[in-house]
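Given the structure of chain B, go ahead and fit chain S onto it with the hints provided.
Just so you know, the sequences run in chain order B and S. The opening position of the first sequence corresponds to residue 1 in the working numbering, with each subsequent residue numbered one higher. The opening position of the second sequence corresponds to residue 1001 in the working numbering, with each subsequent residue numbered one higher.
It is worth saying that the hints were derived from the structure and are not from the lab. Check before you lean on any hint, since a few could be wrong.
Heads up, simulated SDA-like pairs for lysine to any residue below, C-alpha to C-alpha not over 20 Å straight-line [what the hints assert, rightly or not]:
| no. | chain 1 | residue 1 | chain 2 | residue 2 |
| --- | --- | --- | --- | --- |
| 1 | S | LYS1110 | S | ASP1140 |
| 2 | B | LYS87 | S | LYS1170 |
| 3 | S | LYS1170 | B | SER70 |
| 4 | B | LYS87 | S | ARG1057 |
Pulled from the structure, derived: some chain B residues nowhere near chain S, Cβ distances all over 10 Å [to be verified]:
| no. | residue |
| --- | --- |
| 5 | LYS21 |
| 6 | SER33 |
| 7 | HIS47 |
A quick note: this is a predicted structure, and the numbers were derived from the prediction, not measured. Beta carbons: idealized from backbone N, C-alpha and C, even for Gly.
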Amino acid sequence: MRPTSLLSSSSTAPLPGSLQKSLAYATQLVRSSDADAIYPSYFYPSHVRPAYLALRAFNVELATIDDQVSNPMVGRMRYQWWRDAVKGAFEVSRVVRVFSREFGWLAGALG
Amino acid sequence: VIRVAQFARGGATHVTFLAELTRSRAFSQSRPPPHPLATLFSTLPQRPHLSSYHFTRLINAREAHFLNPSFASLQDLADYSAGTQASLLYLLLQATAGGASGGGVLRHAKPFEHVGNEHGEDGLGFGGGGGAGKEMKEPDDLTLDHAASHLAVATTIAILLRSIPHHAAKRINVIPMEIGSSSCSPLRRFPANFHTSPFALDPASRHSLKEEALFRQGPSAPGLRESVATLVGIAEAELRTSRACFDGTTGIPVRAAPVFLSAVRTFPSPDFVSLAET
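Next up, chain B with everything else stripped away, as it sits in the complex (with noise of 0.2 Å):
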């Protein structure tokens, strides 16, 4: 079972390598942890896989994580790593959107 099959029709656009990484390493773990979620990502256009398949794989990694550990203070480090992670995710692109619309004016100024 290739874990990349997903891929060559995921996108138009070609994918930048670590993109491609990581949605590999997504499609993987949904396929063998949730194998059933598979199957309706074909349904979805390609431009949208990729999220429907990232958000599949975070239900799986946030959903597996009581059988991985067996100590609760583990697990709760575990769950505030991905609260960070999140938080992380989401700064990152408020400083891209807040960056572009205070000097989206500037690429129309400078052609």
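Quick look at chain S alone, frame taken from chain B:
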């Protein structure tokens, strides 16, 4: 470090690396190390359309369930499903919605909340439509959220039922210890009359299912079949309610069809297969 580095030079390099790591910005800002999923999320083109609220809700609900895996009541089960499956469905809807609806407000950003009059007086008219004289209209985002919230409960119950053996092996009981109303669709109108219901009985205790018997005897525990049947009935009712949310509309819009299509894999019933065809 000493054990890892065989040579003094290697050890020195390793120490330098650690010192640099400590001094680096990423370390001092306590940024999480790059996880494949974090990378993926920050680069998704749909990322601006997803609300962080739903992500936080997913994590919080999972953590609460991790710390206390048993459900005292159906309300607990509903909260759990709202935090896990419903938020996931909202995020998927957001991913397919593609952008703000106007005014800079994200679509599907707010979880659906029952205010009491969604299902009509008799519990049969849904979505404000259904009248023969009215012409069919495209379902709005609120209708989609409503249907998703009901589908989430059904999905949650299906997943929990499948996980009963897995959890029982770890001495965890996932069957709610108390189910509010004795009618077959108690979730539909909660929380309005939930705790005031005169028939406040629980399926586990109504069917005299004992946790210890579940853990020791497994499938032959007395009352287990009846409890599971009660839960299946609730899931079925929720599924129908979800389906009925689209009554009086033109059906599920094309962009949201894959989101609801995921119900087919959980419930391969003709009801939802026909839904998938729309």
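Hint-by-hint comparison with the structure:
1. Taking the CA atoms of LYS1110/S and ASP1140/S, the gap is near 14 Å; set against the 20 Å cutoff, the hint holds.
2. For the suggested pair LYS87/B and LYS1170/S, the alpha carbons sit about 33 Å apart, so the restraint of at most 20 Å is broken.
3. Simply put, LYS1170/S and SER70/B have alpha-carbon atoms about 11 Å apart, close enough for the 20 Å limit, and the pair holds.
4. Distance hint between LYS87/B and ARG1057/S is fulfilled; the C-alpha atoms sit about 13 Å from each other, no more than 20 Å.
5. With a least CB separation of 7 Å from chain S, LYS21/B falls inside the 10 Å interface cut-off, contrary to its annotation.
6. Its beta-carbon lying about 13 Å from the closest one in chain S, SER33/B satisfies the requirement of being farther than 10 Å from that chain.
7. Non-interface status of HIS47/B relative to chain S is broken: a Cβ of that chain comes within 10 Å, the nearest being about 7 Å off.
The structure is inconsistent with the numbered hints 2, 5 and 7, although it conforms to all the rest.
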